[in-house]
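2 protein chains.
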Amino acid sequence: MKKEKPYILITNDDSIYSKGIKALVETASEFGDVIVVAPDKPHSGKSNAITLDHPLRVNKSNIFGDSIEAYTCSGTPVDCVKLALNKIVTSKPDLCLSGINHGSNAALNVLYSGTMGAATEAALDGVNSIGFSSLDFDHKADMRVCQVFTRKIIKECLEKGFPDCKLLNVNIPFLPEAEIKGMRICRQANATWKEDFEERTDPFMRKYYWLTGEFVNYDVAGDNDAHFLEEGYVTIVPIQTDMTAYKDLNNLKDNWFSNKLKE
Amino acid sequence: MKKEKPYILITNDDSIYSKGIKALVETASEFGDVIVVAPDKPHSGKSNAITLDHPLRVNKSNIFGDSIEAYTCSGTPVDCVKLALNKIVTSKPDLCLSGINHGSNAALNVLYSGTMGAATEAALDGVNSIGFSSLDFDHKADMRVCQVFTRKIIKECLEKGFPDCKLLNVNIPFLPEAEIKGMRICRQANATWKEDFEERTDPFMRKYYWLTGEFVNYDVAGDNDAHFLEEGYVTIVPIQTDMTAYKDLNNLKDNWFSNKLKE
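First to last, the protein sequences are chains D and W.
First residue of the first sequence? That's 43 in the working numbering, and the numbers climb one at a time after it.
First residue of the second sequence? That's 43 in the working numbering, and the numbers climb one at a time after it.
It cannot be assumed that every hint is accurate.
Heads up, the list lumps identical chains together, so a pair's fine if it works in one copy or across two of them.
With a Cα cut of at most 27 Å, we get these calculated BS3-like pairs of lysine-lysine [unchecked claim]: (1) Lys61 - Lys194; (2) Lys194 - Lys236; (3) Lys289 - Lys64; (4) Lys295 - Lys194; (5) Lys236 - Lys134; (6) Lys289 - Lys202.
No lab work stands behind these hints: they were computed from the structure.
If you're wondering where the values come from, they're calculated on a predicted model, not measured in any experiment.
Pulled out of the complex, with its shape left as it was, chain D reads as follows (with noise of 0.2 Å):
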């Protein structure tokens, strides 16, 4: 029997001190029963990585107030996920909401997003799960435009049930709620970073080393999540966790060591 109100896993990789976190928990609270397993500092960037090398904290935390269960947890944003579904939600959740992310997650930035990495461990676990990113990267980010959005996402979700992956990319762009003209479901844009690293000098003379970059979209075909967030539209993108390159793979079969692969 269906329970009256879903239970809603939220979490991210900006930590639980974050804005953005704060409005997906506001925002989720108006459909159902919130609990929160963060990180206890920012994990920007740190993808689907676990920890493997030493041993994860659990903290109760009242940050949200006494009607939100909240708890820190010393690890990455994957590890609060497998700790979460482990050892602290009382049954399944009915969905896992990720973010808000202070940075877009749009393009192949999926690949390195910690706010990704975390949704893709509970679709994993068979939880219904989205990523939320703004555009806006300052930590001091106004949400309330995204929470918009945010709440129609969550509507529309609850009321039409997920697609079969279980895992949805949703980017909203820095824009005036007036200036966004709509929503759109697409692919992943074939758009990446243009790499630096700004050389410096230390107080003693060594060198290190900042990442920095461009982002560029090589994608031609305009039907992907760079080009429509570009345009003003909230993207939604399903994601899947089989990274088999099928195009490759008869091809593969056929050309390799002399086809004695072949059965």
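Given chain D, put chain W in place with the hints provided.
Structure of chain W alone, referenced to chain D:
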């Protein structure tokens, strides 16, 4: 004009001090000019993580002798590749080899793997790239059997050329050479870890958790890497970086937001 000898970038996630990278450097040196940029400490399970919150250090290393140019990097496996390609190599490498990892990166392990994170990064930068992993996770593992198959696969790549995806995930069973039945080009298994956390109490009576778990193969169709490894084959999976769940894309477009998203 094609250079006579291929220029090969080597990295890993177990650090420059591991037996696996030593074996890979030895084998790759039979084929071309090798340059090594590898982490200065272990980074197992670091996935595609990048370092954003502190600067990176690079140091020259003579661990492989005077004839092999080698560097340690203070960052993640992906940082190593980004730094190598942006600041260290003298020209674009013909090949990037990551590993040989001490432990399986088959099935869903590909998502968490630092070995595959590094290989993925090179592929994203247009370099044909292979991650090699041994199912023997012992850090003292004998890598000689792995070298036999690593050699066969590097040779095939250089002779036959790479698939479009530019990225291969190779796993080698922990068996004597005579018991390995051959190689199989196949897809990623729908197999994963059923996690658990071991709960312990520290000397100050505070709880902490260690991630543990067991590997479970849910994949009933036999043409996948977890299955073939169990049967005694070396597996080769071509890997893509477009995470879009295309199967769900049209279904979502048709059903969500009352088609209001349609153009």
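To see whether the hints hold, each was checked on the structure:
1. Taking CA atoms no more than 27 Å apart as the test, Lys61 paired with Lys194 passes inside one copy only; the shortest distance there is 20 Å, against 52 Å between copies.
2. For a Cα distance limit of 27 Å, the shortest separation of Lys194 from Lys236 qualifies neither inside one copy, at 34 Å, nor across copies, at 33 Å.
3. Proximity of Lys289 to Lys64 under the C-alpha cut-off of 27 Å is found in neither arrangement, the shortest distances being 42 Å within a copy and 33 Å between copies.
4. Taking CA atoms no more than 27 Å apart as the test, Lys295 paired with Lys194 passes between copies only; the shortest distance there is 15 Å, against 45 Å inside one copy.
5. Taking the shortest Cα distances, Lys236 and Lys134 sit within 27 Å of each other only across copies (15 Å), while inside one copy they are farther apart (40 Å).
6. In the homo-oligomer, the alpha carbons of Lys289 and Lys202 lie at most 27 Å apart only across protomers (17 Å), although the nearest pairing inside one protomer, at 32 Å, exceeds that limit.
In this structure, the earlier hints numbered 2, 3 are contradicted, and the remaining ones agree with it.
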